[in-house]
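These protein sequences, in sequence, are chains A and B.
When we follow the numbering used here, the leftmost residue of the first sequence carries the number 453, and every step to the right adds one.
When we follow the numbering used here, the leftmost residue of the second sequence carries the number 89, and every step to the right adds one.
Because the hints were derived from the structure by calculation, they are not lab data.
Worth double-checking, as some hints may not be accurate.
Straight-line Cα separation of at most 30 Å, DSSO-like style, residue types lysine-lysine; simulated pairs [unchecked claim]: (1) Lys159(B) <-> Lys598(A); (2) Lys659(A) <-> Lys692(A); (3) Lys246(B) <-> Lys498(A).
Covered stretches of chain B, as calculated for chain A (at least 3 residues, CB under 8 Å) [claimed, not checked]: (4) 156-166; (5) 171-180.
Here the structure is a predicted model, which is why all the values come from computation and not from measurement.
The beta-carbon is built from N, C-alpha and C at its ideal position, and this holds for glycine as well.
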Amino acid sequence: MKSKKGVVEVQFNWIFILIAGALILAFFISLVAKQKTTSDLSAKAKISVDLEAILTGAGSSRGTVNIIDIPKAEIEFYCGSYMIGGISRDAKEIIFAPSLIKGTKLIAWSLGWDVPYRVTNFLYLTSPEARYILVGTGDLFLEINKTIPDKINKEWYPTKPTDTFPLIVQSKNNYKVKFVLFDTIITSNVDISALSKMPDDDVTAIKINGDINSGEITFYKKQGGSWKGTGEGTSYYLGKESLIGAIFSEYKDIETEKVYDCIMKKAFKRLDIVSQIYASRSNEIKNTVTDTTCAGIHSSANIDLISISDISAALSQSFPNTLNDIVGKASNLKNLNDNAQSYSCPLIY
Amino acid sequence: MKKAQIQMMETIAILFVFFILVGFGFVFYARILKSSVTTQGEEQAQLGAIGIAQKAAFLPELQCSEDNIIKEGCIDILKLNKASAIIPVNQEEYSDMFGFSKIYVNEIFPGNTNWPTLYDNSPSNYKTKLVTHVPISLYDATLKSYSFGVLVVEAYTK
Numbered sequence: 453m454k455s456k457k458g459v460v461e462v463q464f465n466w467i468f469i470l471i472a473g474a475l476i477l478a479f480f481i482s483l484v485a486k487q488k489t490t491s492d493l494s495a496k497a498k499i500s501v502d503l504e505a506i507l508t509g510a511g512s513s514r515g516t517v518n519i520i521d522i523p524k525a526e527i528e529f530y531c532g533s534y535m536i537g538g539i540s541r542d543a544k545e546i547i548f549a550p551s552l553i554k555g556t557k558l559i560a561w562s563l564g565w566d567v568p569y570r571v572t573n574f575l576y577l578t579s580p581e582a583r584y585i586l587v588g589t590g591d592l593f594l595e596i597n598k599t600i601p602d603k604i605n606k607e608w609y610p611t612k613p614t615d616t617f618p619l620i621v622q623s624k625n626n627y628k629v630k631f632v633l634f635d636t637i638i639t640s641n642v643d644i645s646a647l648s649k650m651p652d653d654d655v656t657a658i659k660i661n662g663d664i665n666s667g668e669i670t671f672y673k674k675q676g677g678s679w680k681g682t683g684e685g686t687s688y689y690l691g692k693e694s695l696i697g698a699i700f701s702e703y704k705d706i707e708t709e710k711v712y713d714c715i716m717k718k719a720f721k722r723l724d725i726v727s728q729i730y731a732s733r734s735n736e737i738k739n740t741v742t743d744t745t746c747a748g749i750h751s752s753a754n755i756d757l758i759s760i761s762d763i764s765a766a767l768s769q770s771f772p773n774t775l776n777d778i779v780g781k782a783s784n785l786k787n788l789n790d791n792a793q794s795y796s797c798p799l800i801y
Numbered sequence: 089m090k091k092a093q094i095q096m097m098e099t100i101a102i103l104f105v106f107f108i109l110v111g112f113g114f115v116f117y118a119r120i121l122k123s124s125v126t127t128q129g130e131e132q133a134q135l136g137a138i139g140i141a142q143k144a145a146f147l148p149e150l151q152c153s154e155d156n157i158i159k160e161g162c163i164d165i166l167k168l169n170k171a172s173a174i175i176p177v178n179q180e181e182y183s184d185m186f187g188f189s190k191i192y193v194n195e196i197f198p199g200n201t202n203w204p205t206l207y208d209n210s211p212s213n214y215k216t217k218l219v220t221h222v223p224i225s226l227y228d229a230t231l232k233s234y235s236f237g238v239l240v241v242e243a244y245t246k
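Build the full structure now, drawing on both the sequences and the hints.
Spelled out as structure tokens, the structure:
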């Protein structure tokens, strides 16, 4: 039989081992936890750095579509910024994207915004898991369908559904569904009861009323198993590039304004600056050339360019607003540029 | 000294050595991590500098065009003249794009003109400065003539 002293010694040894073991375990657990946090942050930072490089490349080369593999992450897009796992970064490009891109692939596509001269490149980002449904029959519908690359998850229905014979859409388990309605088609012509389980904000529609140059866009969203009766709001597009921007972006509030309107304001600010540069260029050419016809062409161009600059400066503060004035001036400039080419003058743009 | 006390001392000594070894390992790991972070930072700075140069070279405010067909690697000097006056006024618009950098154009041949600085947001205190030279042609629309120059992008990190 062991003595009392021996029993205490053995018990104390065990207690000591327990405490020391617990301390060592706690030390390593805290080390692993810290390492995990650092590694997560570092992975997210890497995604955002990689994304920035991708955006720079895509923003510089227009017309290219890239499907990029990304680590499984959720990227939230706002007006002029994006956020990955709580890390926010300013977007240096004009980006139209859904409010959330998730999955392991990102589609990046860019188009030059020409009014009629190149102002900037619009960058469109989306996920292969976001579904775009185009419905219509007219020229604008065909042009937009032709322009949107096949790599984007789009479906097109060259029909004119009615309330009696609506277009019935089935669910394909996408996290976002966007309808683009052309011609006289209205939201009630599209039956979305199969999408009733999706969150209302993730099933949206835009109704286009205009031509390739400009027009009006009305934004809608789902309510339960059908469409919310009244539209969420109205905005405008200038050129098919900005119309496609409305297809890819959302009509959600960011502070006090809608995302699409906020992005377009940035685009109009660039239009203002670029127009000022072209106006000054035409003025310089007008003062330098000896040919009176060329001087006349550049004098008229200068007036139109100053007008476009003034209008776009106002729009960069007060968009949405009708864009008919800019469309008229842009058309004049195109004719003047054609004339400049016919008379072998220096071109306007 | 009793046997139990000696055992206890032994255990404490082992633990002490163990923690010293862990400490050494930790310091070694932290040093490697620091060096890796520094390398990553340098890579990012280089990537950023290239990105700024790429954006500057493709800026519609500067690029030459013929009936809206963009000529790559070409800067219109009439546009450059106005842009170098207008971009500094609208620096806020461009600071997102160019960050801490300085961008200017030098004509090399046949003249030797230094055009006004296009964008200057160079900090007084900086950690690194990376200079990228982009060879470009400079087009004068009034004379319909070309000259040769470089677009210089100085990118800074703080």
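Evaluated hints:
Proximity of Lys159(B) to Lys598(A) is assessed by CA-CA distance (about 26 Å); at most 30 Å being required, the pair is judged to hold. Taking the CA atoms of Lys659(A) and Lys692(A), the gap is near 14 Å; set against the 30 Å cutoff, the hint holds. A threshold of 30 Å between alpha carbons decides the hint, and for Lys246(B) with Lys498(A) the separation of about 19 Å falls inside it, so the pair holds. Counting residues of the region 156-166 of chain B whose C-beta lies closer than 8 Å to any C-beta of chain A gives 4; at least three are required, and the coverage claim holds.
Requiring three or more residues with a Cβ within less than 8 Å of a Cβ of chain A, the coverage given for the region 171-180 of chain B holds, as 4 such residues are present.
In summary, this structure violates none of the numbered hints.
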